[in-house]
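Put the two chains together into one complex, using the hints given.
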Amino acid sequence: MKKSRVIRYTLWQCVWPIVLFATIGCLSVRLMAEYDRRIDDGITELQKKTEGFLIKMERIAETPEGAYAKHIDFYDEVKVDLSALKVRADAIALNDLTSQQVGYLQDSFRKLEEQHKKGLKAVMIESIRQSFHTQFTTILKLEVAKKRNSAEGKRK
Amino acid sequence: MPHKIDTDALLKKMLAAAGGVLQERWPRVKDYAEIEFRKLLIQAEHIKKLKFEKKITKDEARLLMDLQRNAMRSVLLTLEGLGILTVEAATNAALDVVRDAVNTAVGRGWKIV
Chain A
1 MKKSRVIRYT LWQCVWPIVL FATIGCLSVR LMAEYDRRID DGITELQKKT EGFLIKMERI
61 AETPEGAYAK HIDFYDEVKV DLSALKVRAD AIALNDLTSQ QVGYLQDSFR KLEEQHKKGL
121 KAVMIESIRQ SFHTQFTTIL KLEVAKKRNS AEGKRK
Chain B
1 MPHKIDTDAL LKKMLAAAGG VLQERWPRVK DYAEIEFRKL LIQAEHIKKL KFEKKITKDE
61 ARLLMDLQRN AMRSVLLTLE GLGILTVEAA TNAALDVVRD AVNTAVGRGW KIV
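Chains A and B supply the protein sequences, listed in that same order.
Quick note on our numbering: the first sequence kicks off at 1 and runs consecutively.
Quick note on our numbering: the second sequence kicks off at 1 and runs consecutively.
With the rest of the complex left out, here is chain B (with noise of 0.2 Å):
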């Protein structure tokens, strides 16, 4: 029998080393990265299990590989567009706080900007 993939330790490294990456965008994503990153772990621990039963060859295992690399370089590519659409609502936001504050000093009900 091989050695069985250690999912949880895997996850934490992945957790860590996305969270490193995206930093102070990471706590938006997290929930979200830990369910894909999961996900793709059990997936590999079954290509493995297919393969160590001859269920299927070499090559077979190493397509199904790559299609969970790109599943993977898609999750990633998600995680990385969310935090920067949280940035991109966060500075918004903000904007909008300072557009308020100029047409409240106006009065009147005036909207100038």
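Isolated chain A (complex conformation) (with noise of 0.2 Å):
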């Protein structure tokens, strides 16, 4: 019996170093996903193509050439690039912050679409572009700090 504790103990004693040190070497927290490089590209993709067509529409809006009809192509693509990048961010774990911002992003370009079948008026195309760049750009600016948390070295 006493035999038996001296072995646990002595067993103890050389195991409890290895423990802390793997404990220690691994330990790292993560509390956000990674920096996803897709995410930004196609972020700043979609502003490009937003910015394209807003420029577009301040020329064109109120004439016939600015009707919702001729511009039905670029909410479709818009559509399929932001259920792209949905599913990306839903992908990934621990970046449930990301997805909702892709989420409010979807739905408002949803709205933009259902106001232009009423007609866009070319008075309200800068103020359109100001909150799509503003949604864009938090998007990229919590993907860029994923980034640097990263590089800092301070993620392992």
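Don't take every hint at face value.
Unchecked claim - Interface residues of chain B toward chain A, partial, derived using beta-carbon atoms under 8 Å: (1) ILE5; (2) ASP8; (3) ASN70; (4) THR78; (5) GLY81; (6) ALA89.
Hints listed in this document are in silico derivations from the structure and should not be mistaken for laboratory results.
Every residue, glycine too, gets a C-beta built ideally from N, C-alpha and C.
Put into structure tokens, the structure is as follows:
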């Protein structure tokens, strides 16, 4: 009985430093998803596409050329792009914030499309641009911050 | 002429509300929050002006405000994310200190952890 206790004690003395070092060695905290280049590139591409559309609309809004029917392709493309980004964001663990942001972007495009069906006025474009600009920027800002955390070696 | 939106007073309220939620993470993101909140308030004022001058209808004003609301939500999510990343970086920096201390204690240039 006494001998087995000695053996157990000796074993524990050998094992605990290994456990401690392994724990410290592997221990790092991750509270948010890693930087995702595809989200970064996808949002940047969508921003360009949206800006191109808004520049055009500033010129042709309230003319037959600016009618919704002539721009269905733009909305279709945006829906596909955003759907891909949403699936991507949803699939990554600890990425809930980015996923919600993409969801709000989808909602904004849905609302813009609904309004375009009724008609878009040139005077509205600057405000629309500003709100989309903020949405794109906030998503990219978070993605860049994730990248910086990795780059500074604070996440292992 | 409709009442002017008191952007400074509203900005203070918004900053106080966000600061209360983000607490100790707040100082790190305050400057960014202030810039974004101010932009949104300026837009709200602009939309109100367009509506007052009858350049846009009530429905169009509602759309523009809905878009601003989504922009605001996105700003808040980024603020939350920046706060979380700050905590993450601080925690890992603390763990690095422990790691360095163990390696130093072992000595002989060994990096066992």
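Do the hints match the structure? See the list:
Interface hint status for ILE5(B): violated, as the beta-carbon distance to the closest one in chain A is roughly 15 Å, over 8 Å. Contact between ASP8(B) and chain A, as hinted, is not supported at the beta carbon level, the nearest pair being about 20 Å apart and thus beyond 8 Å. Annotation: ASN70(B) was flagged as interfacial toward chain A, and the flag holds, the nearest CB pair being 4 Å apart, inside 8 Å. At a threshold of 8 Å, the smallest CB-CB gap from THR78(B) to chain A is about 4 Å, leaving the interface hint in force.
A cut of 8 Å between beta carbons decides the hint on GLY81(B): the least distance to chain A is about 4 Å, and the hint holds. The interface hint given for ALA89(B) holds, since its Cβ lies 4 Å from the closest Cβ of chain A, which is under the 8 Å cut-off.
Violated hints, listed in ascending order, are 1, 2; each of the other numbered hints is respected by the structure.
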